[in-house]
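Enquirer: Please build the complete structure, drawing on both the sequences and the hints.
Residue strings, one per chain:
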Amino acid sequence: MTDTYNTPPEGSPHTGRTQARDFILQATDIKKSFGGVHALKGASMTMRRGEITALIGDNGAGKSTMVRCLSGIHRPDSGTIVLDGKTVTFENPVAAIKQGIETVQQNLALVEDLTVWQNFFLGREKTHGFGPFRTLDRKLMKSTAGDLLKNLAVNVPPVTSRVRRLSGGQRQAVAIARAAGWGSKIVIMDEPTAALGVQETARVEGVINSLRDSGVAVLLISHNFDQVMRLSDHVWVMRAGMAVAERRTAETSGDELVALITGARAA
Amino acid sequence: MTTTEHTRPGPLQTIGAHARQLSFWAENAAPIGLVALVIVFSILSPTFLTLGNIKAMLVAAAILVILAIGQTFVITTGGIDLSISATMTFGAIGFGLAFSNGFGFWLSAIMAVVAALIIGLINGLLIAKGKVTDFIATLGTLSVATGLALIVSDGKPITVFSPELLTLTSGAIGIFGFPIILAAVIAVLAWFFMFRTRFGLHVQAVGGNEESAVANGVSAVKIRMAVYLISAGLAGIAALLLVARVGAAEPAINTQFLLNSIAAVVLGGVSLTGGKAKIVGPVIGALLLTALTNGLTLLGVSQFYQPLAVGLVVVLAALLTRFQKK
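Sequences listed follow chains A and B, in order.
Note that numbering that gives the first Met the number 0 gives residue 143 to position 144 of the first sequence, counting from 1, and the numbers run on in steps of one.
Note that numbering that gives the first Met the number 0 gives residue 310 to position 311 of the second sequence, counting from 1, and the numbers run on in steps of one.
If you are wondering where the hints come from, they were derived from the structure by calculation, not from laboratory data.
A portion of the hints provided could be inaccurate.
[Said to hold, decoys possible] Selected chain A positions facing chain B (in silico; Cβ < 8 Å): (1) Pro-92; (2) Ile-96; (3) Ala-108; (4) Leu-109; (5) Glu-111; (6) Asp-112; (7) Leu-113; (8) Leu-121; (9) Arg-133; (10) Thr-134; (11) Leu-135; (12) Leu-139; (13) Ser-142.
[Said to hold, decoys possible] To give a feel for the contact side, a few chain B residues facing chain A, derived at Cβ under 7 Å: (14) Arg-197; (15) Ser-211; (16) Ala-214; (17) Val-217.
[To be verified] Simulated restraints on C-beta separations: (18) B:Val-279 / A:Ser-142: 26 to 36 Å; (19) B:Phe-322 / A:Thr-88: 49 to 59 Å; (20) A:Ser-142 / B:Val-151: 24 to 34 Å; (21) A:His-127 / B:Lys-155: 48 to 58 Å; (22) B:Leu-271 / A:Thr-88: 36 to 46 Å; (23) A:Ala-194 / B:Lys-130: 25 to 35 Å; (24) B:Arg-321 / A:Lys-138: 29 to 39 Å; (25) A:Thr-79 / B:Arg-321: 47 to 57 Å; (26) A:Asp-225 / B:Leu-188: 54 to 64 Å; (27) A:Asp-83 / B:Val-113: 47 to 57 Å; (28) B:Arg-244 / A:Asp-146: 47 to 57 Å; (29) B:Arg-321 / A:Asp-146: 36 to 46 Å; (30) B:Leu-188 / A:Val-81: 25 to 35 Å.
Note that beta-carbon positions come from the ideal geometry of N, C-alpha and C, so glycine has one too.
Expert: Following this line, the structure appears as structure tokens:
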């Protein structure tokens, strides 16, 4: 049986029948070691425009390292990342953000003591005035944050409430809305619903879907196969530092994914 | 109908309901403590609430208010500046040396601030770039600044006769002496920068959750450098008031100012773990500590009891902060 989505262990990612220009992201032969530990041994993966791409794999398979390379936290030892047709390198997370890759960290990167709108604009505040007396444009930031939240979230917390007072799902919604609010090309989400209950998970999944519908490509890291099957359009499977297989979500099953992850089924 | 009226609380009842919660007392420890002290002392001593004494208290509070504001910026980032009073001493000696060498008031004043900023720069480099624990770094610069002040002054006070300093210490508008007006201007500026500018937001963010702040592009290194420079710069300005009050630049250690500056911040409801900024609280905390010392002196209580009283108040305030709302 020929598998058009399969990736050979070495070389550039096999693109199947997809044209290169349809990829928003192509990571090729990414290697990253920490001391003697080879976390990524030449992993390659792709993401398509306007799709939710899931990245799955067992603990220690290299998912987190891959994501950290894409979001600029780690610098790969070798390999290339092509974003929207351009080869890019990220010195730091801010560089990745500037190029259009936003990451919703597992810890959400929110400051609990600050309000929702302050968190929303942290690091890219809107100001007016000149010189040292440049003041925060609080009105603009509050209304913008409120609008972005309203567009995405079902359950909107007031933008003047402190993040400490929000529920887990509300925090997640705030973090996602913030990542989506900057005209970003890719939003990476690491286990977005790991800490949430059933209802909040459903709400956050709604947020992720509306994000995709607005044209943003989403990279979803999840342990939850049901969620991957529900949300994603395309799945990449990682095992032992390699991206070993890819599938269209519509053409695979949870059982097959489990088999790919454990290695019970060769890619 | 009567039940609905009961469920709708008036403003007084709302305050009453709040007052039954410990968090209310914890959040407002400084203003409540200040009002309580004023009531107690004005009953015990007829001179306490006279205009003359209020004016004297406000002038005496100015140095502590300024130091407490500097300390607030550092503590909001989750750090602490133990060198703040030694920096003030070093600034005072810088002023004294410059002035006695004929630099004139304004140049000498700039020298005081520059001397203080050097200590702040060392603090900032050690803590922000060198990743030395704030406690150890500023404990070290406390000793360094004290030593330097002793060395360059040869251990002797430098007497200063300057008409400008005289104006600074004795001038007044109504009951507000120039020192407390200077402190008030600094407090307003501090409030503005803390709560209305990008810088202040970043100070709170770094103190609240440094990892998250950095992930959002905030430079924790720059912010930490800045708060130790602010703390030192304000210590340099406080040094002018100190020289003006004493009439000389003394290489004294001024430990009481260090303890009281931290005490004022704690009384003001600022969490030592950082992230929660307050400016009005520490200012009121500084006023409270000054009123406490002043009142005890008026009552003829021995000087020996004053550190004890300050210590008790601070420990009580620190206990109360445990009940602050998260």
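Enquirer: Against each hint, give a clear statement of whether it holds in the structure.
Expert: Outcome of the hint check:
no., hint, result
1, Pro-92, "holds (6 Å)"
2, Ile-96, "holds (7 Å)"
3, Ala-108, "holds (4 Å)"
4, Leu-109, "holds (6 Å)"
5, Glu-111, "holds (6 Å)"
6, Asp-112, "holds (4 Å)"
7, Leu-113, "holds (6 Å)"
8, Leu-121, "holds (4 Å)"
9, Arg-133, "holds (6 Å)"
10, Thr-134, "holds (5 Å)"
11, Leu-135, "holds (6 Å)"
12, Leu-139, "violated (14 Å)"
13, Ser-142, "violated (17 Å)"
14, Arg-197, "holds (5 Å)"
15, Ser-211, "holds (4 Å)"
16, Ala-214, "holds (4 Å)"
17, Val-217, "holds (5 Å)"
18, B:Val-279 / A:Ser-142: 26 to 36 Å, "holds (28 Å)"
19, B:Phe-322 / A:Thr-88: 49 to 59 Å, "holds (50 Å)"
20, A:Ser-142 / B:Val-151: 24 to 34 Å, "violated (56 Å)"
21, A:His-127 / B:Lys-155: 48 to 58 Å, "holds (52 Å)"
22, B:Leu-271 / A:Thr-88: 36 to 46 Å, "holds (41 Å)"
23, A:Ala-194 / B:Lys-130: 25 to 35 Å, "holds (31 Å)"
24, B:Arg-321 / A:Lys-138: 29 to 39 Å, "holds (36 Å)"
25, A:Thr-79 / B:Arg-321: 47 to 57 Å, "holds (54 Å)"
26, A:Asp-225 / B:Leu-188: 54 to 64 Å, "holds (56 Å)"
27, A:Asp-83 / B:Val-113: 47 to 57 Å, "holds (50 Å)"
28, B:Arg-244 / A:Asp-146: 47 to 57 Å, "holds (54 Å)"
29, B:Arg-321 / A:Asp-146: 36 to 46 Å, "holds (39 Å)"
30, B:Leu-188 / A:Val-81: 25 to 35 Å, "violated (49 Å)"
Checked against the numbered hints above, the structure breaks hints 12, 13, 20 and 30 and satisfies the rest.
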